[in-house]
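K.L.:
So the protein sequences, as listed, match chains A and B.
The opening position of the first sequence corresponds to residue 2 in my numbering, with each subsequent residue numbered one higher.
The opening position of the second sequence corresponds to residue 4 in my numbering, with each subsequent residue numbered one higher.
Check before you lean on any hint, since a few could be wrong.
To be verified - Covered stretches of chain B, as calculated for chain A (at least 3 residues, CB under 8 Å):
# : stretch
1 : 10 to 22
2 : 33 to 47
3 : 95 to 104
What the hints assert, rightly or not - From the structure, some residues in chain A lie toward chain B, with a derived Cβ separation under 7 Å:
#  : residue
4  : 31
5  : 34
6  : 46
7  : 48
8  : 71
9  : 73
10 : 98
11 : 104
12 : 105
13 : 106
14 : 108
Simulated from the structure, these hints should not be mistaken for laboratory data.
Quantities reported herein were computed from a predicted structural model and do not represent experimental measurements.
Ideal Cβ placement from N, Cα and C applies to all residues, glycine included.
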Amino acid sequence: AQKITQTQPGMFVQEKEAVTLDCTYDTSDPSYGLFWYKQPSSGEMIFLIYQGSYDQQNATEGRYSLNFQKARKSANLVISASQLGDSAMYFCAMREYRDDKIIFGKGTRLHILP
Amino acid sequence: NAGVTQTPKFQVLKTGQSMTLQCAQDMNHEYMSWYRQDPGMGLRLIHYSVGAGITDQGEVPNGYNVSRSTTEDFPLRLLSAAPSQTSVYFCASRHRGLYEQYFGPGTRLTVT
Numbered sequence: 002a003q004k005i006t007q008t009q010p011g012m013f014v015q016e017k018e019a020v021t022l023d024c025t026y027d028t029s030d031p032s033y034g035l036f037w038y039k040q041p042s043s044g045e046m047i048f049l050i051y052q053g054s055y056d057q058q059n060a061t062e063g064r065y066s067l068n069f070q071k072a073r074k075s076a077n078l079v080i081s082a083s084q085l086g087d088s089a090m091y092f093c094a095m096r097e098y099r100d101d102k103i104i105f106g107k108g109t110r111l112h113i114l115p
Numbered sequence: 004n005a006g007v008t009q010t011p012k013f014q015v016l017k018t019g020q021s022m023t024l025q026c027a028q029d030m031n032h033e034y035m036s037w038y039r040q041d042p043g044m045g046l047r048l049i050h051y052s053v054g055a056g057i058t059d060q061g062e063v064p065n066g067y068n069v070s071r072s073t074t075e076d077f078p079l080r081l082l083s084a085a086p087s088q089t090s091v092y093f094c095a096s097r098h099r100g101l102y103e104q105y106f107g108p109g110t111r112l113t114v115t
């Protein structure tokens with residue numbers, strides 16, 4: 002069963018607009034963590050943001066925030082004021098504490114239009 | 004401090020050949036893992052290790068072997084390469100108990 006679902010294969014967004022990338026997850030482990038990574042065309046994996054399952058507040062890192070809705074099992078990434086350099090592949094990932102492995106979704110390719 | 008290094012960067016194999024993808028980290032991380040990335044499939048976990056001498060299977064382990072004799076190194080072995088193993092392979096590491104995972108630059112493998 003797929004544990005991380007990213008339903009948007011591709012998105013086109015106008016520069017300076019806010020972007021929401023969707024991620025839903027499935028786990029029975031009460032302790033888990035959720036991540037977002039960015040992969041630009043150069044291929045490297047860049048860590049963006051992390052949210053723990055017990056964290057009370059949504060995580061934020063600069064222009065990135067994670068909209069964590071635990072009951073709905075969703076962990077959407079919000080990018081405020083998008084820039085051309087945000088064009089990349091974005092991956093949602095989850096770590097279940099019981100087996101300590103990190104698995105990824107299929108990704109969303111984001112295109113920022115000038 | 005080199006971080007996570009992978010060799011080679013590119014490799015072409017013929018079906019049936021064997022090879023080892025190398026991964027090393029100099030951050031004294033306990034946890035290391037191998038992923039493969041295929042178009043439309045995201046990153047899929049092949050094998051992972053929580054410390055020297057301990058390895059476990061991920062989502063797609065078939066056709067791959069790993070061992071972890073030192074903290075620094077985590078080689079991935081393809082015993083008999085198949086065209087279905089054409090992919091980009093990423094190695095990653097982190098401190099156990101911390102969340103941020105550091106990735107190597109990747110190895111692009113083509114099996115003909």
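K.L.:
Taking the hints in turn, state whether each one holds.
P.N.:
Here is how each hint holds up against the structure:
1. 10 to 22: violated (count 0)
2. 33 to 47: holds (count 8)
3. 95 to 104: holds (count 5)
4. 31: violated, 17 Å
5. 34: holds, 5 Å
6. 46: Holds - the Cβ of residue 46(A) comes within 7 Å of chain B, reaching about 4 Å at its closest.
7. 48: holds, 5 Å
8. 71: Check failed: Cβ of residue 71(A) comes no nearer than 17 Å to chain B, outside 7 Å.
9. 73: Result: violated, 21 Å to nearest chain B Cβ.
10. 98: violated, 10 Å
11. 104: holds, 6 Å
12. 105: holds, 4 Å
13. 106: With a closest approach of 5 Å, the residue 106(A) hint holds.
14. 108: holds, 5 Å
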